[in-house]
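Participant: Listed below are the residues making up each chain.
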Amino acid sequence: MSEVIEKVSIRITINGQSYRRKVEPRLLLVQFIREELGLTGTHVGCDVTYCGACTVLVDDKPTKSCTLLAVQADGCEILTVEGLEQDGELHPLQKAFSENHGLQCGYCTPGMLMSSMALLAEKPDPSPAEIRKGISGNLCRCTGYNNIIKSIQAAAREMAG
Amino acid sequence: MYPAPFHYHRVDSLQDAISRLAELGDSARALAGGQTLLVWMKLRFDEPRHLVDLSRIPGLSDIRLEGDEVCIGALATHAEITKSAVAAAIPSVYDCGSGIADGQIRSRGTIGGALGSADPSCDWPVLLHTLDAVLTCTGPEGTRSIPVSELVEDIYTTILQPAELITGIRFRMPPENSAGAYCGFKRCAPAYPTASVAVQLTLEDDICSEVRIALGSAGLTTVTSKEAENILRGSRLTEANIDKAAQAIVAAAEPVPDQRGAEDFKRAVLHSLVKRAVDIAMRRCQGETIGVHREYV
Ligand SMILES: Cc1cc2nc3c(=O)[nH]c(=O)nc-3n(C[C@H](O)[C@H](O)[C@H](O)COP(=O)(O)OP(=O)(O)OC[C@H]3O[C@@H](n4cnc5c(N)ncnc54)[C@H](O)[C@@H]3O)c2cc1C
Ligand code: FES
Ligand code: FES
Numbered sequence: 001m002s003e004v005i006e007k008v009s010i011r012i013t014i015n016g017q018s019y020r021r022k023v024e025p026r027l028l029l030v031q032f033i034r035e036e037l038g039l040t041g042t043h044v045g046c047d048v049t050y051c052g053a054c055t056v057l058v059d060d061k062p063t064k065s066c067t068l069l070a071v072q073a074d075g076c077e078i079l080t081v082e083g084l085e086q087d088g089e090l091h092p093l094q095k096a097f098s099e100n101h102g103l104q105c106g107y108c109t110p111g112m113l114m115s116s117m118a119l120l121a122e123k124p125d126p127s128p129a130e131i132r133k134g135i136s137g138n139l140c141r142c143t144g145y146n147n148i149i150k151s152i153q154a155a156a157r158e159m160a161g
Numbered sequence: 162m163y164p165a166p167f168h169y170h171r172v173d174s175l176q177d178a179i180s181r182l183a184e185l186g187d188s189a190r191a192l193a194g195g196q197t198l199l200v201w202m203k204l205r206f207d208e209p210r211h212l213v214d215l216s217r218i219p220g221l222s223d224i225r226l227e228g229d230e231v232c233i234g235a236l237a238t239h240a241e242i243t244k245s246a247v248a249a250a251i252p253s254v255y256d257c258g259s260g261i262a263d264g265q266i267r268s269r270g271t272i273g274g275a276l277g278s279a280d281p282s283c284d285w286p287v288l289l290h291t292l293d294a295v296l297t298c299t300g301p302e303g304t305r306s307i308p309v310s311e312l313v314e315d316i317y318t319t320i321l322q323p324a325e326l327i328t329g330i331r332f333r334m335p336p337e338n339s340a341g342a343y344c345g346f347k348r349c350a351p352a353y354p355t356a357s358v359a360v361q362l363t364l365e366d367d368i369c370s371e372v373r374i375a376l377g378s379a380g381l382t383t384v385t386s387k388e389a390e391n392i393l394r395g396s397r398l399t400e401a402n403i404d405k406a407a408q409a410i411v412a413a414a415e416p417v418p419d420q421r422g423a424e425d426f427k428r429a430v431l432h433s434l435v436k437r438a439v440d441i442a443m444r445r446c447q448g449e450t451i452g453v454h455r456e457y458v
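Going line by line, the protein sequences match chains R and U. Going by my numbering, the first residue of the first sequence is number 1, and it counts up by one from there. Going by my numbering, the first residue of the second sequence is number 162, and it counts up by one from there.
These are computed hints drawn from the structure, not numbers from a lab.
Simulated crosslink set (DSSO-like; lysine-lysine; CA at most 30 Å straight-line):
{"#": "1", "chain 1": "U", "residue 1": "244", "chain 2": "R", "residue 2": "150"}
{"#": "2", "chain 1": "R", "residue 1": "7", "chain 2": "U", "residue 2": "203"}
{"#": "3", "chain 1": "U", "residue 1": "244", "chain 2": "R", "residue 2": "123"}
{"#": "4", "chain 1": "U", "residue 1": "244", "chain 2": "R", "residue 2": "61"}
{"#": "5", "chain 1": "U", "residue 1": "203", "chain 2": "R", "residue 2": "61"}
{"#": "6", "chain 1": "R", "residue 1": "133", "chain 2": "U", "residue 2": "244"}
{"#": "7", "chain 1": "U", "residue 1": "203", "chain 2": "R", "residue 2": "22"}
Please put together the full structure from these sequences, using the hints given.
Facilitator: Below you can see the structure in the form of structure tokens.
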């Protein structure tokens, strides 16, 4: 079909930096993040709202960015895995995943970290069962999850100080 | 995967949404959380030419208690409802909402979208059957009330008129001697249930004076059974009675064999879920506090 689809102007803040772009309505947030902005830390695993590799925080809410249009996120503040590190220092969650073997191939890790961020914001001292529920929208094909749970517990302790 | 190209319309009032949908006709869809619609569009099951984004309409996501009536806006997300005072007051609302998909989908998907999709696997409509909920719907012809039991005509098909939208859901706060439960079984969190059951019971001196039971993922639409309810109404809830009622409603179910299980397997799961939900609702009526979680394989 040769009908012209009008592009839509959006302004999205990602990791504290504001971006203005004109985008096609069907552009998915994950494609905006990866392809328009080159922030390739956010991964696409399944592309059908299943695996959670594409999880980012949209106004603090964990969201599968393969199932949100960039135009729906207009005016929102987004945090991706690239925004976790501060002044060259890894976030306590990142450090804990590294120290506790919370990753092997690393494909699921950005999504796991973002879901963990949302979990710890709501429950700073989660039980193992609460952690399992908190990351139940994120699949990992490598670790068997136990070390991920250990990592999140370690980060929770570190963040509590 | 890209959806097929479409025009995007953002509206900031209900009237705007309705007139835009009416003007665009058949090729337009309302977009709420997108957790069903965008998936379908990416898979090219649906190729609308226009999306009308409802999400910025103010006032449609309120969750309130008005007297003894619970009012939930159509745009309230699964997560917002689950964290609300309403879910704290009505355990079956918490059971239901907290087990929908996963945290990411719960933070975007809405109760209005779950109803509007007429998907028999969605959890809210099943629960709302047992609470005798009524939907407020507004379209070009004005506003009307539709009992939840009358909304769905067939799988993925509602009786809503073109450009008519669900704006809110209302039901009566269950009285002290009434309680419900929502039990479901699924393969993992980000998957629709294999089977689910909602129950609401009212007890008067150990006698069940009122009851509602509904099954989800058990046929092309939500399954109910007057026969099953009649077995329990007016009787003492004995194991034999509960089993008989479970048999009656499972006989009314028409589970579709699919990757979630064979028909017989689904019937067996439904049967045990009905018994469990009745047991939990009964104990809640008697004042016990019981947590319910979706069960995974
Ligand atoms: C992997 C996965 C697992 C899931 N698991 C579950 C589960 O376990 N249980 C469950 O219940 N759901 C599950 N869902 C579905 C999820 O709950 C959806 O959020 C919900 O079904 C639709 O809500 P939405 O706001 O996203 O609607 P949308 O996708 O935006 O819309 C769905 C349909 O409803 C229409 N619509 C939307 N709002 C209205 C309105 N106000 N009035 C009239 N029509 C309207 C739209 O036009 C569209 O046709 C799952 C989804 C995915 C992707
Ligand atoms: S890529 Fe988004 S959920 Fe798998
Ligand atoms: S570390 Fe490989 S998928 Fe999780």
